[in-house]
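2 protein chains.
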Amino acid sequence: MSADWSEGDLDLAATLRDRATEGTRAYEHVSSLVTEVGPRFAGSAGDTAAVRWALNTLGTLGFSQVRTQDVLVPRWVRGTAEVSILAPFPQPLVAVALGGSVGTAEEGIEASVVRVESLDALKALSADAVKGRIVFIDQRMERTRDASGYGATVAIRSQGPSIAADLGAVALVIRSVGTSPDRIAHTGGLTYRADAPRIPAFAVSNPDADLLARQVNAGKPVRLHLHSTARELPPAWSANVIGEIPGGERADEVVLLGAHLDSWDVGPGAVDDGAGVAIVMEAARLIGRLGRKPARTIRVVLFANEEFGLSGAREYARQIGEEMNRHVVAFEADLGQGPVWRLDSRVAPEALPAISQMLKVLQPLNLESGMNTASGGADLRPLREAGVPVLDLSLDATNYFDIHHTANDTLAKIDARTLDQSVAAFAVTAWLAATKQGDFGRLQSKTE
Amino acid sequence: MSADWSEGDLDLAATLRDRATEGTRAYEHVSSLVTEVGPRFAGSAGDTAAVRWALNTLGTLGFSQVRTQDVLVPRWVRGTAEVSILAPFPQPLVAVALGGSVGTAEEGIEASVVRVESLDALKALSADAVKGRIVFIDQRMERTRDASGYGATVAIRSQGPSIAADLGAVALVIRSVGTSPDRIAHTGGLTYRADAPRIPAFAVSNPDADLLARQVNAGKPVRLHLHSTARELPPAWSANVIGEIPGGERADEVVLLGAHLDSWDVGPGAVDDGAGVAIVMEAARLIGRLGRKPARTIRVVLFANEEFGLSGAREYARQIGEEMNRHVVAFEADLGQGPVWRLDSRVAPEALPAISQMLKVLQPLNLESGMNTASGGADLRPLREAGVPVLDLSLDATNYFDIHHTANDTLAKIDARTLDQSVAAFAVTAWLAATKQGDFGRLQSKTE
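Residue numbers (the working numbering), protein chains in the order written: chain A, 1 to 448; chain B, 1001 to 1448.
Some clues are possibly wrong.
Some, not all, of what chain B presents toward chain A, calculated at C-beta under 10 Å [as the list claims (entries may be wrong)]:
id, residue
1, 1010
2, 1046
3, 1061
4, 1064
5, 1086
6, 1090
7, 1092
8, 1180
9, 1206
10, 1214
11, 1409
12, 1413
13, 1415
Computed cross-link-like contacts, DMTMM-like style, restricted to lysine to aspartate or glutamate with a CA-CA straight-line distance of at most 20 Å [stated by the list, open to error]:
id, chain 1, residue 1, chain 2, residue 2
14, A, 131, A, 120
15, A, 360, A, 120
16, B, 1293, B, 1249
17, A, 123, A, 195
18, A, 220, B, 1004
19, B, 1220, A, 36
20, A, 131, A, 195
21, B, 1220, B, 1070
22, A, 220, A, 110
23, B, 1293, B, 1004
24, A, 220, B, 1028
25, B, 1220, A, 28
Just a sample of chain B residues kept apart from chain A, beta carbon distances all over 12 Å, derived [said to hold, decoys possible]:
id, residue
26, 1023
27, 1060
28, 1129
29, 1146
30, 1166
31, 1198
32, 1213
33, 1225
34, 1246
35, 1265
36, 1291
37, 1292
38, 1348
39, 1375
40, 1402
These aren't lab readings, by the way, just hints derived from the structure by calculation.
Only a predicted model underlies this, so the values are computations on that prediction, with no experimental measurement involved.
Glycine residues also receive a C-beta, built at the ideal position from the N, C-alpha and C atoms.
Using the sequences and the hints given, assemble the complete structure.
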C-alpha cells in the first residue's frame, strides 16, 4: 500500500510500462524528424522547419494546447573549416570549427604547434612558449555510462579558446570531446570570455589528433595551416513548442517533460536530441491514451536552442511567470536513446519515500536507485534554480559520445527497442508524478 | 617427409611462423607510412612522398637491389563534391565523386531522381523514365568474409555511369559500395565506356542513401542538386618500388610478393593498402634475417597506381620481359590486415601436393584449404595471364569494406596482432615457395 498513490494509479503505471515495453511509435517519430527536417541548428531554415514539424506532429498525435513560445536565438554559421599539417609531413586533417568560433582571414593562419594534454598543462606554460603559436590540447575523453567522461573533458572546448588566447595563442585546435574512433570530428559550443581575444578554435577527429600527436612526438617542429569562414549573423527567431495531456482534479499543476528540438548543424540530430523529443512525446501520448486523465497536466516542452546558449530554457522560465510555482516536478531526455538505467531525484526529503515507490514500479525495466542530487539537465536549470524539483532518468551514455555533435548522428544509430524501454520509464515516471497525492516539495536555493 | 622440401627448410618455415606470431614490426611500418606520408593517390605529391618513403624504408630494413621502375599514371583530382536534396525535404548529403568522374558546370545539376535497386532494374527502364533525370542506384553491399559481397555490387560503381548515360540520365548517384554504417562515403573507380556520354557520378554514405530512399519512398517527387569540380589533369610520373631478399642456388628465379603503394586520395590508406605493404615487407625482412638464404630470390614489389587503373602492374609485366619465365610463383596482400584464413592456389596439378604440404605448416595459424582457382589479385593479373602460378592467402574481409576507399582508413583501424598473423602466413608461404625443390609449373592460358 502507498500513501501517495491509489492502487488503481499504480496498476495503470504498470500497464503503461508493459505496453511501452511491447512496442511504441518512438522510432517512427525520430524517423519522421530526421527525414522531413534533418539538421535544425538554432535560427536556420531547418530550425524553422523543425518548429513546423513539432506543431504538426503534436497536433496529429492528439496533444492539447499545442502552441509556440517565440524565442530570439543567436545566429552563427560555420562555413568551411580547413586544418592541414604543413610540416614536417604535410597532410590534411578532418576538422570542424567549434560552435561560436570566429573565422580566419582569407589567407588563413599558419603557425607552429604547441601540444598540451590538459587545460592545467596549458595554464602552466609561459606566454613565451605560447605566443604566436597554435595550441593543440590533446586530452582524450573517457567512455563512461554516466557521461562523467564528458564532464571531465568538456572544459577544453568551452574554456580552452580564451585560456589559450590569454597566453597569446593565435588559434586553438583540440582533440574532439567525444569518443568516436572514426574520422568524424565533434563540434560543440565554446564560451569566449569578454576580457580575452577571440581566436579561431577547431576540433579534429580522434584519429587526426592521433596523427598530429605522432608528428609532434617525432620531435621536429610541426606547422599547421588553418582556415575558416565561420561568422556571426544577426539574431533570429525560433520557438519552444509545447503540447499537453490535460490533467483532471489538479489541472493547473504541471509535470514537465522536456527535450530540445534544435540540433547542431553538422548532422540530422537523430540521437541528440531527436531521441529525446521522441521519448517525451511518446511517453505523454501513451498516457493520453490510457482512458483516464492524470490529476495534473503533463506538459511536453520542446526547447529551442539548447545547443548554442539555452535560449529556449531561459525564455520558458521567463514566460511562465507565476505558473513556476505550480510546476510540481520536471525532467528531460537529452542524453541519447537509452536505455534508462538509473533514477536520481532532487526533491524535498519528505518526498523521498514516493521516489522509492516509483522505483519499485520501474524495477522491471532494470533501473538502479540513485541519489537525491539530480541536476535535471541543461534546459531545466532555470526551473531548478527557481525551486522546481527535478528528476534524472539517466540514459545510458556509453556509446552516446561516439556520435554526439557529429555528422554521424543519423537514424542508423537508433534502436527501436531501446527507445521503447526509455519511453516506458518516462511514461511511468510522468504518470506517477501526475497522479501523486501530495507534491515533491520545493527546492530551497540555487546552491542546493 | 616431403619430396619438395628438406627437413631443415620445413623447420625454418615453422621457426618463421612462430617468430612472427610472437610479434613483428609490421604495425610500425604502417604507422610510419600513414604518419609520414598519408594519402598517396597516383600522381599526387603524396604519391611522390610514398615512393621516397618506400625506397628509404626498404633500404633501412636491409633489402637488396632496392630500386624503382618509372610508371606513367593518369591524373585526376576530385575537387569538391556537393549532393543536396532540394525537395520534398531539403537536406545536404555526405557524398564523394567516384574516381575518374567528370565534374559539373559551375551552376551544378538540378533534376528529379529515379531510384532503382540494381543495374538490371536500371537496364529495364525505358529511356523516357530516365531521360533528363538523376539515377539513384540503391543497392546495398553485403558483408562477407571472402569479399564476394563487393564483387556482387561493384558493377554499380564501375559500369553504372555509362549504363545510366545510355538511357539519357544527366548524372548518377549510388549508395556507397561499402559496408560502413557511418556517415562516410566510399569512393572507387568508374569506367566510362567510349560510346556513352560521360556524366558526373557520386556515391553517398549508407545513412544518406537510407535518407534519400525514405524521401523517395514517401511518394513525392525528389529533386537533387549536384556540384563537383572533379577534373582530369595531364598524366604524371610515379614508380613501382622494388626490393629483394637474395636467393642462393637459384637466385635467378623469383618468388614475387606484391602490394600496392598508392591509396585513394580521401584517406591515409592504412588498411588499403598500407597493411599489405607492411605485411609483404615484414614477411620478406624476417626471411632475410633467418641466417640462411632461400634458394630463390624473394622480390617485394610495391606497385604504383593500383586504384586508378593498374598502371604499375602493367608496367612491371612489360619491363621484366623474358624474366617473366623465371617468376616461379606470385602472391599479394591487398584485402586489408587479415587474419589470413585460407590458402587458394592456381598452380600446375603436379604441384598440388606441395600446396597441401604448405598448408600443413600454416595450420597452426588456422588456415583452411581452398581451391586451385586463385585469382592472385589485381596487380598480379598480367603475370597470371602470362602463365605465372599464383596463390591467394585470403585476408579476412569481414570488416574491410567498412573503411575501404574512405577517409576513415586510418591507423586506428589497424590491430598489430592481426597483422602479425598475416605476416606469419606470408613469410611461411614465401619461404616455402623460395625453397621448394621443383617449381609450380606454368599456367596454360588467359582463360584458365
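Which constraints among the numbered hints does this structure fail? Numbers only, ascending. 1, 3, 4, 5, 13, 15, 18, 21, 32, 35 and 40
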